[in-house]
Amino acid sequence: MPSKYSLKKIAENHEKVTSFVTYQEYLESLYNEVKTKVKPYSWIEFANDLGFSRTNVLRLFVNNERLLTSKSAVKISSALGFVGAEKRYFENLVKFQNSKKTQDRDQYFIKMLGEKNKNTYGELDERQTKYLSEWYFPVLRELFANPESLKDPEGIRDALNFPLRLDTIKLALEQLLKMEYLVQDEFGKISIKDSLVETPKHVDSLSVTRFHQQMIDLGKESLTRVKEDERSIQALTVRLNPKSFANLQQKLSDLIAEALAMEEASGGDIYQLNIQLFPFLKQGEKND
0 MPSKYSLKKI AENHEKVTSF VTYQEYLESL YNEVKTKVKP YSWIEFANDL GFSRTNVLRL
60 FVNNERLLTS KSAVKISSAL GFVGAEKRYF ENLVKFQNSK KTQDRDQYFI KMLGEKNKNT
120 YGELDERQTK YLSEWYFPVL RELFANPESL KDPEGIRDAL NFPLRLDTIK LALEQLLKME
180 YLVQDEFGKI SIKDSLVETP KHVDSLSVTR FHQQMIDLGK ESLTRVKEDE RSIQALTVRL
240 NPKSFANLQQ KLSDLIAEAL AMEEASGGDI YQLNIQLFPF LKQGEKND
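Here the sequence shown is numbered in numbering that gives the first Met the number 0, starting from 0 and rising by one per residue.
Misleading hints may appear alongside valid ones.
Within a straight-line C-alpha distance of at most 25 Å, the following computed DSS-like cross-link-like pairs (lysine-lysine) qualify [as the list claims (entries may be wrong)]:
id: 1; residue 1: K74; residue 2: K8
id: 2; residue 1: K74; residue 2: K15
id: 3; residue 1: K94; residue 2: K281
id: 4; residue 1: K129; residue 2: K15
id: 5; residue 1: K74; residue 2: K34
id: 6; residue 1: K110; residue 2: K169
id: 7; residue 1: K94; residue 2: K70
id: 8; residue 1: K129; residue 2: K192
id: 9; residue 1: K8; residue 2: K86
id: 10; residue 1: K110; residue 2: K129
id: 11; residue 1: K281; residue 2: K34
id: 12; residue 1: K188; residue 2: K129
Simulated from the structure, these hints should not be mistaken for lab results. Note that this is a predicted model, so its numbers are computed, not measured.
Kindly generate the complete structure, drawing on both the sequences and the hints.
So this is what it looks like as structure tokens:
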């Protein structure tokens, strides 16, 4: 069984906690690594090493059968030797997952993103992360792909289906220019720098998660803000085996590629396409 010091060393060399978007995934990943280095090892020993009583409590945390409190998060941070950004990230991650109000979750998520930004990103990654941090950055950028579209902040504000403050629009345009997603010529004319922005696989999953969260929330708002004949919201609950699931995943990817090709050919108004495919049952607990 590892001592507190050796557990800290394993955690130090393990994948950083800032790479995880749930504390359950991090704790399970760390536990599995400890098991490869220390035999025999159990959830009971893991709990003891993290400062809890010798019980199965850590497994309950990981399986979502018991809530990991903020007080317990501080105990784990201390046991693993987290300091600075890692300590703040982990403790905010627990608060984020425990929060029931959207406003509180957004607050903690932004704090997590800020802690990760401090130590993790190079210049390109930081630019990508900033671009994905707010839903309106891609939307405002896309406006300048069409020479005939609205260009003044007031007109943009009035044309949006979703409310956005005028000062936010002005600041966002300044930031898009600074990040070089938009460029301005000698006559003051603004245009997009590249026709397509892709998110590299190495860009942080946390910023991508925040982007999708915001877009899913806007999808919900569109049910009441956008006329029915101007949107398409569809849903289906279906049973799929692994082969059919992989097949459907590929078809959805093909649809995205087809939509991009349609944009290049037709231009037009700005739409958001969200595709969600997720299981209701945990792996290993499916009914056959």
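These are the hints, each one checked on the structure:
1. K74 <-> K8: holds, 17 Å
2. K74 <-> K15: holds, 18 Å
3. K94 <-> K281: holds, 23 Å
4. K129 <-> K15: holds, 21 Å
5. K74 <-> K34: This hinted pair holds, its Cα atoms lying about 21 Å apart.
6. K110 <-> K169: holds, 24 Å
7. K94 <-> K70: Roughly 10 Å between the alpha carbons, so the hint for K94 and K70 holds.
8. K129 <-> K192: holds, 17 Å
9. K8 <-> K86: This hinted pair holds, its Cα atoms lying about 16 Å apart.
10. K110 <-> K129: At roughly 13 Å apart (the allowed maximum being 25 Å), K129 and K110 satisfy the hint.
11. K281 <-> K34: holds, 23 Å
12. K188 <-> K129: holds, 23 Å
Consistency with the previously given hints is maintained throughout, with no hint failing.
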